[in-house]
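**Q** For reference, the chains in residue letters:
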Amino acid sequence: MKVIGKGLSCASKDEVTGELVYIQTVEDVINLFDTAGGKICLIEDAGTTTLGPILSDLTGIVCTTGSGGSHLAIVSREFDLPCIMNIDMDIEDLTQLNGKTGKISTEEDNAGILYLLN
Amino acid sequence: MNLNKDLNYVNFITRSTPDPGLMGGKGSNLVKLAQIGVIVPPGFIVNVNSYKMFLEKSEHSEQIKELLRIDYNAKDVLPLSSNIKDLILRSSIPEDVLNEVKLAFEQIHENFGSEISFAVRSSASIEDSSQFSFAGQADTFLYNKSFEDVIKSIKECWASLFSPGAMLYLLQMRKKGIELSLLDIEMAVVVQEMINSHISSTLFTVNVLNNDKNSIYIISTWGLGETLANNIIVPDTIIVDKTNFEIIKLDIGEKEKKSIQNPEGSGTILVENEPNSRLICSLNEDQICQICKVGLKIENALEFPQDIELSIEKDIIYVLQARPITTLKI
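Here the protein sequences line up with chains C and B, keeping their order.
To convert, note that position 77 of the first sequence is 77 in this note's numbering; the numbers rise steadily by one, no gaps.
Positions in the second sequence are counted from 1; adding 118 to them yields this note's numbering.
Don't take every hint at face value.
Label pairs and their calculated CB-CB ranges [what the hints assert, rightly or not]:
no. : chain 1 : residue 1 : chain 2 : residue 2 : range
1   : B       : N362      : C       : D34       : 20 to 28 Å
2   : C       : A111      : B       : S264      : 17 to 25 Å
3   : C       : D93       : B       : G231      : 50 to 58 Å
4   : B       : R133      : C       : A111      : 44 to 52 Å
5   : C       : D88       : B       : V389      : 34 to 42 Å
6   : B       : H227      : C       : V3        : 40 to 48 Å
Not the full set, but computed from the structure, chain B residues with beta-carbon under 7 Å of chain C [claimed, not checked]:
no. : residue
7   : G155
8   : I157
9   : P160
10  : Q290
11  : N329
12  : S333
13  : I357
14  : P442
15  : T444
16  : L446
Just so you know, the hints here were simulated from the structure itself, not pulled from any lab data.
Fair warning: this is a prediction, and the values are worked out from it, not measured in the lab.
Positions of the beta carbon are idealized from the N, C-alpha and C atoms, including for glycine.
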C-alpha cells in the first residue's frame, strides 16, 4: 500500500476502497452512469459540475484542485461521499491509475490521503 | 402603473414577498435577504409564470413539451438535452413577458445608471431548498449589457434546466427515491446589477469540513466567484471562531487564476493572477470580521445555518446568494 496523494478531506470521513477511474468529459460521466458503483473518480478542474449526477453511486472522489466550499464539495456532502480536494499527487499522468485499486482515508486535521493498493 | 402590483411575470427583489414556488429557491432567498437588510445587488426576478407562459405560447411549445415527457435514461441525455435546448433557444418569448421584463430593465437603469450591466442567474423551483441544493446544475450568465443580451441569457437559463448535468442530477435523485420529472421543474431567473467583484468569498456559518457549529468556514479569492464555485483554483481558506471572530486557521491558497469581465463582449474570461496577489490573503482581517457579521446576521434571521456567496466591490459587501446548508450532522 503506497501513499500517492494528499489533500483536503471535505465530505464524508469514511475510509473507502474502490477502482480508480479518471474522468475528463461529460461523455465519461455518461459512460459511467450505470457502473459508477465501487469507483473512486479522479478529476482535474474541468467538468466537476457534470460529475455531480453520478456522485451518489461513486465510492469516492479525488480532485487535483478546488476547495471544500465549491459546488462539487457541497454535492459530495449531500451524497455523504468521501471527497479529497486539492490533492497533491505523486503521479503526473492520471490515466495510469485507471483500473487500479485505491483507498481514501481521512487523518488528523481533515487531511485526505489517497493510497494505491495495487 | 404601479410597477409592483400590476406585474404578473416580474417581481422586484426589494419590493416582494418571498415565494419559492414563484421565484425559485435562489430568487426567494434573495428577497428574504433584502427584507432582513442585507445588501444584495438591485434587480428583479423573472418568475416561473414567465417560464410557464413561454412553454405554453412559444412557437415550438408542443415539440418541447413532448420531449419533456420522455422517460429518459442516462444514454438518452446528450441528444435529448441538445434537442430541448435547441428548441428553447429558437423560440420567442411571449410579448406580455417581454414587455414586463423591459419595464423592469429600464427601471433598474433609471435608478442605478445606464452604464451598469447585469448578471442573469437561474433560480429553479427545486434549487437552494433545505432538501437538495441542485448546486451548480443550472447556469449563470454575467456582464449582460443590452436588453437583447439579457433576454438571450434568460432563455439560456431556461435551457440550462435541461443541460446534461441537470438531467443526470434528476435521474440520480430518482435513484434515491425522489421522483422528479422534467415537467416538474420550473425556472425563475434572477436579473441583478452585475457586481464587478474585486474579492469573492463563500462563507459557511457552520464549519462543514467537520460539522463544528462553533466555527465559520470561509474560502476566498480575487475576482469573480466562479473560480470558487467551479473548483478552478485553490482559494484562501479561513476558519473563524464564531463566538469572537478570532481567526483559528488561515491558509493562503494558490489562487492561480481569476475570473474577470471579458473585455471584448459579454461574459467572463480567466486570467493569471499577479504573483504578488497570490502570496497574500484576498481578505484582510477587517473584511473577514465584516463578512462573518453578515453571515451571522443571515443565519440568525433565517434560523438555519447558511452557505453564503459574497462579493466585495469598492469596500461594499454584497450578498449574491444564501442557501441552507443541507448536510449538517450536528
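**Q** Holds or violated: is the Cβ of I357(B) closer than 7 Å to a Cβ in chain C?
**A** 10 Å, violated
**Q** Do the Cβ positions of A111(C) and S264(B) conform to the proposed distance bound of 17 to 25 Å?
**A** 49 Å Cβ-Cβ, so the 17 to 25 Å window is violated.
**Q** Verify the interface restraint on T444(B): the C-beta must sit less than 7 Å from at least one C-beta of chain C.
**A** 6 Å, holds
**Q** In this structure, is the beta-carbon distance linking H227(B) and V3(C) contained in 40 to 48 Å?
**A** 57 Å, violated
**Q** Once the shortest beta carbon distance from Q290(B) to chain C is found, is it less than 7 Å?
**A** Holds. Min distance 5 Å.
**Q** Does the beta carbon distance between R133(B) and A111(C) stay inside 44 to 52 Å, or does it fall outside?
**A** 49 Å, holds
**Q** 34 to 42 Å was suggested as the range; check whether the CB atoms of D88(C) and V389(B) agree with it.
**A** 24 Å, violated
**Q** Tell me if L446(B) is really an interface residue toward chain C, meaning its C-beta lies closer than 7 Å to one of theirs.
**A** This interface hint is violated because 9 Å lies over the 7 Å limit.
**Q** Holds or violated: is the Cβ of P160(B) closer than 7 Å to a Cβ in chain C?
**A** Check failed: Cβ of P160(B) comes no nearer than 25 Å to chain C, outside 7 Å.
**Q** Checking hints one by one. Is I157(B) an interface residue toward chain C, by the C-beta closer than 7 Å rule?
**A** 21 Å, violated
**Q** P442(B) was flagged as interface toward chain C. Is the shortest Cβ-Cβ separation under 7 Å?
**A** 11 Å, violated
**Q** When you take the CB atoms of D93(C) and G231(B), is the distance between them in 50 to 58 Å?
**A** With a Cβ separation near 51 Å, D93(C) and G231(B) satisfy 50 to 58 Å, so the hint holds.
Of the hints listed earlier, those the structure fails to meet are numbers 1, 2, 5, 6, 7, 8, 9, 11, 12, 13, 14, 16, in rising order.
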